[in-house]
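Student: Chain residues, written in single-letter form:
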Amino acid sequence: MTAALPQDADGLRARTRLAKKWAYLLSSRTFVPLASVELERQLLGLVERLCAGVATEALAPRAGREVADALVALNCTTAEALRISVEIVGKGLLGMPALAPPDKLRERVVDVVASLSAGFVDRIRATVLAQQEQLGRSLYKAMREAQVELQYSEARFELLEHHLSTGIATADPDGRLVRCNGALARIVDRPTAELAGSSLFDLAHPDERVALRADFAQLVEDGTASITQPRQLLRGDGEPAWVMLGLSPLRRLEGRAQVIVLAEDATDVNLLQGQLNHQALHDVLTRLPNRQYFTSRLEQALRTADPGTGVSVFHLDLDGFSRITGGLGREVGDHVLKVVAGRLEAVVAEENAMVARFGHDEFAILIENTATTPDVVTTVRRINDLLSAPFHSDGRRVAVSATIGVVHRPPRDSAPADLLDSADLALRRAKGTGRRQWELSDQAQDGRDRRAFSLAATMPGAWENGEIRVLYRPVVRLADEVVESAEAVLRWDHPTLGPLPHEQCLALAEDTGLIVPLGTWALRSACEQARSWQRELGRRVPVRWALTPSQAADPELHGLVREALSDTGLPAASLRLGAPAQALFGERGDAADTLRYLAEDGVGVEVEDFTAAPDDLVRLLDGVPVRAVRLAQSPAARPGTAVARALAGVLEVVRDVGVGVTAADVTTPEQARWWREVGADTASGPLFAPAGPPDVITR
Amino acid sequence: MNDLDWVPEGIDTTVPSVARTYDYLLGGAHNLAVDRAMGDQMLQVLPGARDLVRLNRSFLRRAVTHLAERGVRQFLDIGSGIPTVGNVHEIAQEVAPDCRVVYVDKDPVAVAHSRLLLADDENTAAVQADLREPDDVLSRPEVTGLLDFDEPVALLLLLVVHFVRPEEEPGKLLAKYRDRLAPGSFMVISHATADDRAETMRRAADTVRESRSKDNLVYRTRAEVTALFDGYELVEPGVVGHALWRPGGAGDIADRAEDNTQVWAGVGRKPDRESGREPVAGAR
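First to last, the sequence lines map onto chains Y and X. Reminder that position 71 of the first sequence reads as 71 in our numbering, one-by-one numbering, no gaps. Reminder that position 127 of the second sequence reads as 127 in our numbering, one-by-one numbering, no gaps.
No wet-lab data here; the hints were simulated from the structure. All figures in this text were calculated on a predicted structure; none of them were measured in a lab. Glycine residues also receive a C-beta, built at the ideal position from the N, C-alpha and C atoms. Among the hints, a few may not be true.
Every beta carbon over 10 Å from chain Y, so not counted as near; a handful from chain X, in silico [as the list claims (entries may be wrong)]: (1) Thr-13; (2) Arg-20; (3) Thr-84; (4) Pro-108; (5) Pro-183; (6) Gly-249; (7) Ala-254; (8) Asp-255.
Covered stretches of chain X (chain Y as the covering partner; in silico rule of three or more C-beta atoms under 8 Å from a C-beta of chain Y) [stated by the list, open to error]: (9) 27 to 33; (10) 70 to 79; (11) 111 to 119.
Here are some of the chain Y residues that sit facing chain X, going by a computed Cβ distance under 8 Å [stated by the list, open to error]: (12) Arg-125; (13) Thr-127; (14) Leu-455; (15) Thr-458.
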């Protein structure tokens, strides 16, 4: 082709100039992967081909197409590149008159440029299609490689899953096992088929379920990292399987995350440690969790329980348990505790709950409430209903009851120790009202109880320091107001709180158990004092001591009284003991027996706080050896009322069987007249004389 | 909600790819509608984008030619993208046919494409790996098989380091590569900057960020780019605008002066041991 070109110096210069200009414009508009010198050299070749196309008509179409192909190969693929090329080439060729006859030049140039344009379009189209096809193949290849990689990963996972001794499971967001391997089945000793579709939480030891659920929920919710904890799973035979349990979230294309569960068998390693742990956290006798374990569980439950329903804590104390062990022996006592443990667990079997043994005869129950949890009253009733069913132990029929302190739905930020204190305080209040009672914790009441208990705690020291004295309250005959006997009462001269009266001293002493030694001491002091009055006055002034419920129930009471009488030389008839109506008339006969023996000895037994209720009256008439009954001051105690008439009728019956009547706490002459009217023999109270030192009697 | 994070980056055809967008701006057709949409958006914000890409490609050509002429026969091109025209092996083998090149990109489509294109060339390989994982990159069989790290290697990092965030510690990252390179090796960097036209460049970065691509542009100043050459001796003329690094002709420089310095570029040489100038962090 080039052979046809004019080889003159001017023509070459013109072609070179055209190539340079073309190269400059192209390279500043589009990326050409060549140095500019090389680009100019290549473009010069193209210019020469175009010139040949103009010079020889037959070459025109081919020249245009070849140049177009070359341009596209040089990455001159844009519309801008075509525009530049058409403009530069067209104008340049028209400025080369030597190429063709003057009348043909314009036509030939247009032919060449036209075929260049057409060739460019064809070439571009082919290139774009080829590149798009290549891209499509590359996309497919990349996708395929990713897929192969995925299949490879799956195969690798399955291989590992099959061969590892670590238990592996995939759980759905609700904890249901979607798949699991043979190792997991071996660890928990259950068939693989049984595991698939079962809940991870059911597989966990009941003690661990709450914590495990919390971990699990956290992972599903927003977890990114894994959680690994030593945990217990349940084997098919109910035995625990110790594992290091790893939970890792597995994010999915759609929906909530799944969780990969890794269970590394740690049974062997943990067998020993597990036993030690178990012993450290459980009561050996009942196998129930102990106080420490209960406390940590409580701490956790406070955090994780549904705020809408909260938790409830029941603190139980078995009524009169010491009498079971004392009377029936330790073995029966242990058996009773085991039975109680089992029954308490049965009561809350439907609940997410923990039953623990706190101490000797104390138990506690923690319930994480749900919408279906029965209310506190129902739960308390169920507890006592179940406990009261008699059972045989060592050939004897035994039944127990419990007194219960309840903390219901405490604030989430409560400290477990405070919460247990509250439950304990509520329990003590409940015990104050009798057996088989229960009390709900109440903040204000707690505060008062706490003060009282701190006071009670200092009581033994105060007694030793002589701050607690025995005072005497005269009891007078209503007929002539002559001192008939004296009642011994306690007084605590507290250095900061001032004198604390008898009732408060007793309540404090009863709470701490100090009542037994303190009561014995008071009783002996009273006996000594009565003996000394007898010597001083030459006549008997009997002394009276009102037994507290625990004193009355003390199996040692009979011996103690006999000892006090013989030590002081006081005749039995000079001692009167007030016994709580409940102890005397109660269904359980221990206290009544003791009092009967004392009465046989000649001690005057009197009924304290006699209500004149029909039941008490019937029992009184049944022949309980009672010297007198004492009635408390009644607000209705006004002469001439219907109550007065009714009471007078009852008391007449009482006196008919030879039982005396005495009135307490008489403060006004009107009250004294009224008592006289209803037939009381004696009375005491501020109207006659307040309690005072022994000379209040001799004055 | 449809979370497609699990799909390997670059295969999800609803997410633009930096590599394919680059191809589009270079005039190629190895791209999809999403890539072209991102390219067009970029052109709206930064009308000179095509020129920047062109100038950067020219800089690559000059740098590779320069290094091949200085005797370097091994090239590790990380962030190589879609190979279209003027690829490193073509440029280098133009100077010396025995030049060996490994292309590394994290975009699986770019890598698949490279393999398709390079299938017949024994002296090239393509690896899918991430610049930010030097241990992985440097231990790939394709890399260790084709490149001899006892001999000088040219590490090419064109328009890629600006995707490394400061918290990913680009200095420490590059030191890992440098430690592996023999004395007499080179590192080539081109890196976008917002030293000029800060507002325009911020909008350009926003365009990338607002696309669903996971890559975000981090501009660095000239001093920061210079600091990336820690442990290297800068080859004349140092860190300069990419068009101004040894331009060879009209097409190497843009009409708009600011396009010439919108990307900082430089070539560093790891000093010879006997020169006594042990690379700062290179001693093990």
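Student: For each hint, tell me whether it holds in the structure or not.
Tutor: Now for the hints, and whether the structure bears them out:
Distance check for Thr-13 of chain X against chain Y: the nearest CB is about 7 Å away, which does not clear 10 Å, and the non-interface claim fails. With a cut of 10 Å on Cβ distances, Arg-20 of chain X falls inside the contact zone with chain Y, its closest approach being about 8 Å. Consistency note on Thr-84 of chain X: stated as away from chain Y, yet its beta-carbon is not over 10 Å from all of that chain's, at 7 Å minimum. Its closest Cβ contact with chain Y, about 4 Å, brings Pro-108 of chain X to no more than 10 Å, contrary to its assignment away from the interface.
Consistency note on Pro-183 of chain X: stated as away from chain Y, and its beta-carbon is indeed over 10 Å from all of that chain's, at 29 Å minimum. At roughly 3 Å from the closest C-beta of chain Y, the C-beta of Gly-249 of chain X falls inside 10 Å, breaking its exclusion from the interface. For Ala-254 of chain X, the non-interface assignment is contradicted: its Cβ lies about 7 Å from the closest Cβ of chain Y, within the 10 Å cut-off. The beta carbon of Asp-255 of chain X sits about 7 Å from the closest Cβ of chain Y, which is not more than 10 Å, so the claim that it is off the interface is violated.
Requiring three or more residues with a Cβ within less than 8 Å of a Cβ of chain Y, the coverage given for the segment 27 to 33 of chain X holds, as 6 such residues are present. Proximity of the segment 70 to 79 of chain X to chain Y, defined as three or more residues with a beta carbon under 8 Å from a beta carbon of that chain, is not established by the 0 residues found. Evaluation of the coverage hint for the segment 111 to 119 of chain X: fulfilled, as 6 residues show C-beta separations to chain Y shorter than 8 Å, against a requirement of three. The beta carbon of Arg-125 of chain Y is not positioned within 8 Å of any beta carbon in chain X (closest approach about 10 Å), and the interface hint is therefore violated.
For Thr-127 of chain Y, the suggested interface contact is upheld, since its CB lies about 7 Å from the closest CB of chain X, less than 8 Å. The interface hint given for Leu-455 of chain Y is violated, since its Cβ lies 63 Å from the closest Cβ of chain X, which is over the 8 Å cut-off. Hint on Thr-458 of chain Y is violated. Least Cβ distance to chain X is approximately 63 Å, over the 8 Å limit.
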